[in-house]
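Peer 1: Chain by chain, the residues run as shown.
There are 2 protein chains.
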Amino acid sequence: MPSSPPTTTPAEASKPLFWGVDVGGTNIKFGLVDDSGKTLHFDHIPTQESEGPQAAVDRTAAVLAKVQRDLGFSNADVPMIGLGTPGSMDIPRGYLLDPPNLPHWWNFPIRDAFAQATQRPVAFINDANAAAYGEFWVGTGQRQDSMVLLTLGTGVGGGVVVADELIDGANSFGGECGHLIVDPSPTARLCVWGGGRGQLEAYASASAVVDRTRERLTAGGTSSLSGLLGGSNSELSAKAVYLAAEQGDAMALEIVDETAFWLGIGITSIVHVIDPGLVVLGGAMDFGGETSPVGQRFLEGIRKEFHARTFAHVAKGTEIGFASLGGDAGYLGSAGFARKVYSKRMP
Amino acid sequence: MPSSPPTTTPAEASKPLFWGVDVGGTNIKFGLVDDSGKTLHFDHIPTQESEGPQAAVDRTAAVLAKVQRDLGFSNADVPMIGLGTPGSMDIPRGYLLDPPNLPHWWNFPIRDAFAQATQRPVAFINDANAAAYGEFWVGTGQRQDSMVLLTLGTGVGGGVVVADELIDGANSFGGECGHLIVDPSPTARLCVWGGGRGQLEAYASASAVVDRTRERLTAGGTSSLSGLLGGSNSELSAKAVYLAAEQGDAMALEIVDETAFWLGIGITSIVHVIDPGLVVLGGAMDFGGETSPVGQRFLEGIRKEFHARTFAHVAKGTEIGFASLGGDAGYLGSAGFARKVYSKRMP
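Just so you know, the sequences run in chain order L and U.
For the record, in the first sequence the residue sitting at position 5 is 8 according to this note's numbering, with numbers rising by one throughout.
For the record, in the second sequence the residue sitting at position 251 is 254 according to this note's numbering, with numbers rising by one throughout.
Any given hint might turn out to be false.
[Stated by the list, open to error] If we take Cβ atoms under 7 Å as the criterion, some of the chain U residues that face chain L in the derived model are:
id: 1; residue: C180
id: 2; residue: L183
id: 3; residue: P187
id: 4; residue: I273
id: 5; residue: I277
id: 6; residue: K343
id: 7; residue: V344
id: 8; residue: S346
Honestly, the hints are just simulated from the structure, not real lab data.
Just so it is clear, the structure is predicted and the values come from calculations on it, not from any experiment.
All C-beta atoms in this analysis are idealised placements derived from N, C-alpha and C, irrespective of residue type, glycine included.
Please model the entire structure based on the sequences and the hints provided.
Peer 2: As structure tokens, this is what we get:
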């Protein structure tokens, strides 16, 4: 269960402050965050994707300016803005390339447009990397040196922090762990994005959980979930699988265990490349999270598979757990990233 | 074909200088390297593993002192020493843990013993990471920001450099890419180290090439390699497979292509975690390297599999090629790492 991030008041905030903006296909979330990671203000506006990026940039900039003014702060108090967006993107050039959930925003210089509209320098970051940095700064990854976040939702996103630095990658593709290969066979599951087979997200995303459950039901498996088979996709959901598992439904528990197996494979590969010491699971699909017996079984299944495939001292020195910031990780991480970029620029 | 590293003379060397020491199970290699990566002196002594680590440390320190004196340099000219050893190791504590090829050296505080014997601070580094840093500093990775080296030999080693920094890892296990999972099935090939299945090195090491060839021959496949089947392991080698492939032997070419397939899978996973922009293949098993048609076919096979499994802009922005320093990468990287640590400590 994600906890609310710590908050503070305008009078008690430690300056400088940073805006963290988290652009999604449906909403744009934004928070004003102080130098110690406490939130002064949080809200969201609809993305209105089809109106194009400039309109959304202008609306967001207007709201940020108003909130800032209402709280009694000037641009000098808020010297930099962190902007997280879905990929694909070209971080050095500040461009959105072709993000699937923002089809009217392709090939748009969003960083500079946002800097122009807000009259502030903008630190540009991938949204999943922002979430990872948020967990690293003020969430589960606090007091760590390195960390990987895997977000389990429609797909599997990821972000990698090593020695306090986010890994953007040479092609702005760092941390896209959902696309690592867990099954090389020519009949492996197809990826959500359709272009390939065998990627982690074809096995461990919420969509994959639904697909795998539907396949078992269609093949005649018995389960309390059978009643959802005739319905639309939204009735047979990862949440429904979790709830059935909580009631002891055998097929649902098998699906949970299978998902853990595939995450164990993927996490083994991640750890054997960068050995981060901590792997955190975030996103909507957590099978109840750490307070649920099913969530605990899920975590234990992942650990078991990983431990069977790594060395004893690596198993002992690697924590696997749930994220703590929920949907707030994105704006917090964008703000934290702006803070980091800003502090590097200062003499 | 690895080229010889650039050299210089004592009179023309740019100071400070750094010793790079590369400890292996058979030999200890050492080179005196100047600030621009040029080698003034290179040699090796036998490891004499069974005499234990302190004896080897003392012999090495004596040789370094003599060479340094003979060349006319003082300890002030050579302010730091880079020491690369095989894992497992505990880098923060400076210990060798239980390296398989140094069985009499387990649980030894080699960094401090070496510092004591040489009267110099020692920068301690994993040998595969050292090789990666060597290629990054003065080899194939020059002018890059990030790089991954995979060394194909008895096993598959690796080293990861991101944004000019080596990734040691939380458990001194960073860059152990040979252990990432390429085949999750319960019947996947067993690893060289015996503890698990499906790791990259069970498919793409020289040992795996030999094993896979032997299995095909035993199963009745016809090949010019059949004559080597009755012989000892050393007759049926990865080199023999390469030579048969050069003659157009169909089975040998299939083995080359299969090896490329598995490396393509592994490299896809590596790239989708850290997106390094450059992946370099080093080690003894290169199927002739870049000057050989078989080596080129090997590279093309790897690229083809990777390109089929990644996004167009990532494929375009990721180079895959051969390393250039051969067996010199280790001492050069150890020296380069010492140089890096030293420059960070300077005001």
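Peer 1: Compare the structure with each hint and give your call.
Peer 2: Outcome of the hint check:
Hint status for U:C180 relative to chain L: holds, with the closest Cβ pair at about 6 Å, below 7 Å. For U:L183, the interface hint holds, since its Cβ comes within 7 Å of a Cβ in chain L; the closest pair sits about 4 Å apart. Interface hint status for U:P187: upheld, as the beta-carbon distance to the closest one in chain L is roughly 5 Å, under 7 Å. Because the beta carbon of U:I273 sits about 6 Å from the nearest beta carbon in chain L, less than 7 Å, this interface hint is met.
For U:I277, the suggested interface contact is upheld, since its CB lies about 5 Å from the closest CB of chain L, less than 7 Å. Interface hint at U:K343: violated, since its Cβ lies 13 Å from the closest Cβ of chain L, which is beyond the 7 Å cut-off. With a cut of 7 Å, the hint placing U:V344 at the interface with chain L is violated, because the nearest CB-to-CB distance is about 14 Å. Nearest Cβ of chain L to the Cβ of U:S346: about 17 Å, over the 7 Å cut. The hint is violated.
The structure does not agree with the numbered hints 6, 7 and 8 stated previously, though it agrees with the rest.
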